[in-house]
Amino acid sequence: MKIDKSLFGDNQFFGVNHASDEKSRAQAVRFKDDTAIIHVLDQAIDQGINTFMCTTHDRIANICNHMRANPSRYKNFNIYPCMPYAHKYANAVTELGIMGAIKQYVPGNIFSTFAKGGVAFLQKDFKKLMQILIDAEMKMFQGINTPVIFIQNVLVDMILGLKMYDVFKEYDSYIREKYHAEPGYITMNMPALLDALEKVGISNPIICFSMNKIGFRMAGGLEINEK
Amino acid sequence: MVKAAVVGLGKMGISHAAILGAHPDVELVAVCDTSSFVLEAFEKYTATKTYKDYDKMLEKEKLDFVVIATPTKFHYSMVKQAIVKGLHVFCEKPFSLNTPEGEELVALVKEKSTINQVGYHNHFLGTFQELKRLLKENILGELVHFTGEAYGPVVTKEKGGTWRSKPSEGGGCLFDYASHVLNLIQEVLGRPNKVNGALLKSVYSKGVEDAVYALLTLENQLSGVLLVNWSDETYRKMSTSLTVQGKKGKIICDATEIKIYLHDANPKEKLEKGWNTKYITDLTAPVNYYLRGEEYSAQVDYFVENVIKRKQGIANTFEQGHYTDKVIEMIITNTKQNEN
Chain A
1 MKIDKSLFGD NQFFGVNHAS DEKSRAQAVR FKDDTAIIHV LDQAIDQGIN
51 TFMCTTHDRI ANICNHMRAN PSRYKNFNIY PCMPYAHKYA NAVTELGIMG
101 AIKQYVPGNI FSTFAKGGVA FLQKDFKKLM QILIDAEMKM FQGINTPVIF
151 IQNVLVDMIL GLKMYDVFKE YDSYIREKYH AEPGYITMNM PALLDALEKV
201 GISNPIICFS MNKIGFRMAG GLEINEK
Chain B
228 MVKAAVVGLG KMGISHAAIL GAHPDVELVA VCDTSSFVLE AFEKYTATKT
278 YKDYDKMLEK EKLDFVVIAT PTKFHYSMVK QAIVKGLHVF CEKPFSLNTP
328 EGEELVALVK EKSTINQVGY HNHFLGTFQE LKRLLKENIL GELVHFTGEA
378 YGPVVTKEKG GTWRSKPSEG GGCLFDYASH VLNLIQEVLG RPNKVNGALL
428 KSVYSKGVED AVYALLTLEN QLSGVLLVNW SDETYRKMST SLTVQGKKGK
478 IICDATEIKI YLHDANPKEK LEKGWNTKYI TDLTAPVNYY LRGEEYSAQV
528 DYFVENVIKR KQGIANTFEQ GHYTDKVIEM IITNTKQNEN
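So the protein lines, in turn, are chains A and B. At the far end of the first sequence sits residue 227, using our numbering, and the numbering has no gaps. At the far end of the second sequence sits residue 567, using our numbering, and the numbering has no gaps.
Only chain B is shown next, with the shape it has when bound in the complex:
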């Protein structure tokens, strides 16, 4: 059994705590949060120890790893403390609010051989994994262009006053929402290394953007568009998709299905000429415990397995999460240049 603690009991923290609680190889030793309401619920109904003070928890509990699901502005100091203490770390996305701090953490996990992972759960969705595999098999031939999109109903009226409207706390659509798509583009298509133009637009929010539009070029020279808007109430929940155009066809991929259009049939992949559709139901590896979609369990299972084996995984490393932060910074720099 490996011993774990979850820090920050918001939506993601509670979700991680439940997944770890159900994991056969993990003992959820402690949880840490500032809310006495949430801690008292754990005290009343579970055997998990509770802490309001992170330092005290690290000092008193013998842990193998921590899950950091606090607001992004606390990630740097909390993650650093855990690494220095010799613990493995799973950190929620976005990784960090400024790249020098992220850089330091990336160097530190390397030095200390810390098993590290960032919570970009889309990597663990069968459809996007299949898209990556098909592109690797070169079924679209030379790639021409991509579109990375995400829409959802997060801010659908004018209001303010929470962290969501504070750029200093990672509150805008760029850090909180577009980061998912940027990370997915990076994972499936390649690393963006040039922002040709970008717009951050407010729809309802004051002080932060509700939409991000950018023209990107990747290291492999592929170009594409990023279109993200979290003030779109025509979506019931966050909907993320990638569309890739190649010389031999096109693929449209989201969390539930992957639609493939081919100029010519591909017998090796059993794909017909014209449109082909594959569904998530056929692309999903089972997990032991489900809370919402399987990708949330799959990413935690992957991390736990790496901790047990003492072997760093290749998916969602700090370095990878940090690169997404760098692209975010490139987008911000570009929009500032346009303002001047």
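The shape of chain A in the complex, shown without the other chains:
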């Protein structure tokens, strides 16, 4: 699998700025309309960028619609989805609890699909539940090339901290089998994640982590990350 040397990211489109709240607001104003996002993406494509790495934010669905409507323009264009858009779930978890949040966000017919056992069935089968949630997040990308599918750092790092390493394994196989894509992992704890993935038999994974001279948000420090 070959990854382009430069990927185009989406933070600016959704007012995500880790250095300044003020800049974040300015970006939210600038990219209020989807056409503004598409315009910048088109400019990037004209500059030779062919991969867009983005969260599964609601507005990405509109961008995907545009791409499907213009197949010739975007035929060589790849999206690397990063799931989930965590803020969507975080508030629901605090308000409704984990089960409540899942009920709210899993597509409506899911529980009737498994009418036999309903919620009880899903409660016992975490693997199936994970697959349903992935499918729900991936729905917007139908018909679009998604050669790498990432899980966001908040989930990767949480699974890592809780030592639920088998979840990585289940994710890994599902992404390969169902989407014929490479699973990717975003993390702020790269060295520890690499060890954890190795423990469940995942070698040479695609990992996205921060790398900077000052060691900002790089667990373990610069040196061990460089190794």
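From the structure, some residues in chain A lie toward chain B, with a derived Cβ separation under 10 Å:
1) 18
2) 19
3) 21
4) 25
5) 91
6) 94
7) 95
8) 98
9) 159
10) 162
11) 188
12) 215
13) 218
14) 221
FRET-style restraints, in silico, Cβ to Cβ:
15) 45/A / 508/B: 23 to 33 Å
16) 331/B / 35/A: 57 to 67 Å
17) 147/A / 364/B: 51 to 61 Å
18) 434/B / 26/A: 33 to 43 Å
19) 508/B / 26/A: 15 to 25 Å
20) 532/B / 70/A: 55 to 65 Å
21) 560/B / 207/A: 46 to 56 Å
22) 340/B / 214/A: 35 to 45 Å
23) 147/A / 365/B: 54 to 64 Å
24) 136/A / 280/B: 32 to 42 Å
25) 263/B / 70/A: 40 to 50 Å
26) 19/A / 364/B: 19 to 29 Å
Derived list of chain B stretches under chain A, where covered just means 3 residues or more per stretch with a C-beta under 8 Å from a C-beta of chain A:
27) 389-399
28) 516-523
By construction, these hints were calculated from the structure, which means they are not laboratory data. Note that CB positions come from ideal geometry on N, CA and C, so glycine has one too.
Got chain A sorted already, so can you dock chain B onto it with the hints?
Then chain B, alone, in the frame of chain A:
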């Protein structure tokens, strides 16, 4: 290794469990929650023991400390049980829903020498720490006024039916959201001891307030305004800031940057005349494990270190969290007086 348990596996409880799980000096022995769904996930994927019954967990497990991240209405009884049992306690914010109970817990940790901490994580953000330091260095001269603000998109449409709309469960913006800012004002600027006027406003919620506006005076006579609104969808997530005006300049500080305006240059602090900006990237001490922002790991690391050393820390003590509850009570009293 110190042995820990997390009680209440909502967003904060799971976050604490992950941070403790990754901590090199901690063994996460057990978790406790009422949801069988969450407990079964722990049973299936981890070696951590699970309990539905808090009493049983305290009885069976040999623990050094517990993290209480249950709904606020359960804090008092659960924290008390743990202290009596001789365990150290980290309790989520807000500390307690009524001040006599909080008072009792503060006295109890003193009596039992319990290491105690409340989860006001903003204390561990590099920007606010820097603001506190700069004010201590007196770079603004005599202080004139402050503004403490927080905005976010928690309740953005009319609905009800969850704990968020129940004042008896700590559901309003005052307990859940404004408490962060009040606590930060207390930590960085001084303790509010007078509420000159306050308004609790509903925007979408029924039964609780979605916004808190108050005019405060601190023990050191500094005056300021509290402006908090959790029904503001122009913010992607909670955004907390403090603005301080002094005779020699002004500082605007939030979680990502600190902007300093000075009448005259301050060579000792390497600050120029006019605007200066420092970013969180330059003000952050690294942690061993990151889950979201470093402040969440930093506060747990600090607590664990204190437990290991058997030495009470100075940041976010029960007493400090309890004082924030008292200010909340002062605000409620003031609004009731206005109604009459």
